[in-house]
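Q: With these hints in hand, go ahead and build the complete structure from the sequences.
First to last, the sequence lines map onto chains A and C. Take the first sequence: its letters are residues 107 to 222, numbered as in the working numbering. Take the second sequence: its letters are residues 311 to 424, numbered as in the working numbering.
Please note that the accuracy of each hint is not assured.
Listing some non-contacts, in silico: residues in chain C with all C-beta distances to chain A over 10 Å [stated by the list, open to error]:
1) A312
2) K325
3) G326
4) T380
Below, computed lysine-lysine pairings styled on DSSO-like, alpha-carbon distance capped at 30 Å [as the list claims (entries may be wrong)]:
5) A/K144 to A/K176
6) C/K321 to A/K144
7) C/K367 to A/K144
8) C/K327 to C/K367
9) A/K176 to A/K109
10) A/K122 to A/K144
11) C/K367 to A/K109
12) C/K325 to C/K367
13) A/K144 to A/K109
Computed footprint of chain A on chain C, listed as stretches where at least three residues anywhere in the stretch have a Cβ under 8 Å from a Cβ of chain A [to be verified]:
14) 353-363
15) 399-408
16) 411-418
Keep in mind the hints are simulated off the structure, nothing from the lab. Think of the CB as a built atom: it goes at the ideal place given N, C-alpha and C, for glycine as much as any other residue.
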Amino acid sequence: AQKVTQAQTEISVVEKEDVTLDCVYETRDTTYYLFWYKQPPSGELVFLIRRNSFDEQNEISGRYSWNFQKSTSSFNFTITASQVVDSAVYFCAPHISNFGNEKLTFGTGTRLTIIP
Amino acid sequence: GAGVSQSPSNKVTEKGKDVELRCDPISGHTALYWYRQSLGQGLEFLIYFQGNSAPDKSGLPSDRFSAERTGGSVSTLTIQRTQQEDSAVYLCASSFGRSAYGYTFGSGTRLTVV
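A: Quick look at the structure:
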């Protein structure tokens, strides 16, 4: 069975600080995908990124960056120069493409609060 | 439609009553998922539909929960004899093909059982 751990339940940082959200997952598969979703106070889940296990190159999108380390089964998410609008709950979700498992398993989420 | 549509957005019901929650996925999306999110908690998988295949019901918490998907499009999640512990936000998502492409979520239905 796959499992995902987001050890940080809540994080608060002052605006403009950088913040990293941790995600560690368990899988015996060699082929899989990893996702991050954002859930702002409005409640709707917003897709942020999809990463496959073949590519360990880190990805940057504006103020967002992701560090994928296959050797340690981690897929951490960093926000640089945080803004109040970044306040939300962030979910890490692995998808295992083998063994007929066709659903994303979500972590418990990290509630990020950006203090103005 | 342009996005995943869920109705109603809010539902308050008395304990013991049946409720139906509706999800209208993005046109052309073959896969549809239901998740439940209790207050302050993560997302709990309930059920998954893919095309004409038999649904994956492995996440349904009890036999009071059922879901159907008509014509490969709209889905209805039914909870019979609701209990207070059923209070949660019920989220629907759809995807084009396998979920490795990621989901698009609806805004959810907030169910309150009193």
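Q: Within the assertion that chain A covers the segment 399-408 of chain C, do at least three residues meet a Cβ-to-Cβ distance smaller than 8 Å?
A: holds (count 4)
Q: Closest CB-CB distance from C/T380 to chain A, is it above 10 Å?
A: holds (21 Å)
Q: Would you say the segment 411-418 of chain C counts as covered by chain A, given the rule of at least 3 residues with C-beta under 8 Å?
A: holds (count 8)
Q: Verify the proposed pairing of C/K327 with C/K367, using a straight-line Cα cut of 30 Å.
A: holds (22 Å)
Q: Given that the segment 353-363 of chain C was listed as covered by chain A, double-check it with a C-beta distance under 8 Å for 3 or more residues.
A: holds (count 4)
Q: Is it the case that C/A312 keeps its Cβ farther than 10 Å from each residue Cβ in chain A?
A: holds (13 Å)
Q: Going straight from one Cα to the other, do A/K144 and A/K176 come out at no more than 30 Å?
A: holds (23 Å)
Q: Does C/G326 clear chain A by more than 10 Å, comparing its Cβ with all Cβ atoms of that chain?
A: holds (27 Å)
Q: Mind checking the alpha carbons of C/K367 and A/K144 for me, to see if they're no more than 30 Å apart?
A: Distance of about 26 Å is within 30 Å: holds.
Q: What's the verdict on C/K325 and C/K367, does the C-alpha distance respect the 30 Å limit or exceed it?
A: Given that 30 Å is the threshold and the Cα spacing comes to 24 Å, the pair holds.
Q: Take a quick look at whether A/K122 and A/K144 sit within 30 Å of each other, Cα to Cα.
A: OK: A/K122 and A/K144 at ~19 Å, within 30 Å.
Q: Does A/K144 pair with A/K109 here, judged by a C-alpha cut-off of 30 Å?
A: Between A/K144 and A/K109 the Cα gap is close to 19 Å, so the pair holds against 30 Å.
In terms of the numbered hints stated before, the structure departs from none.
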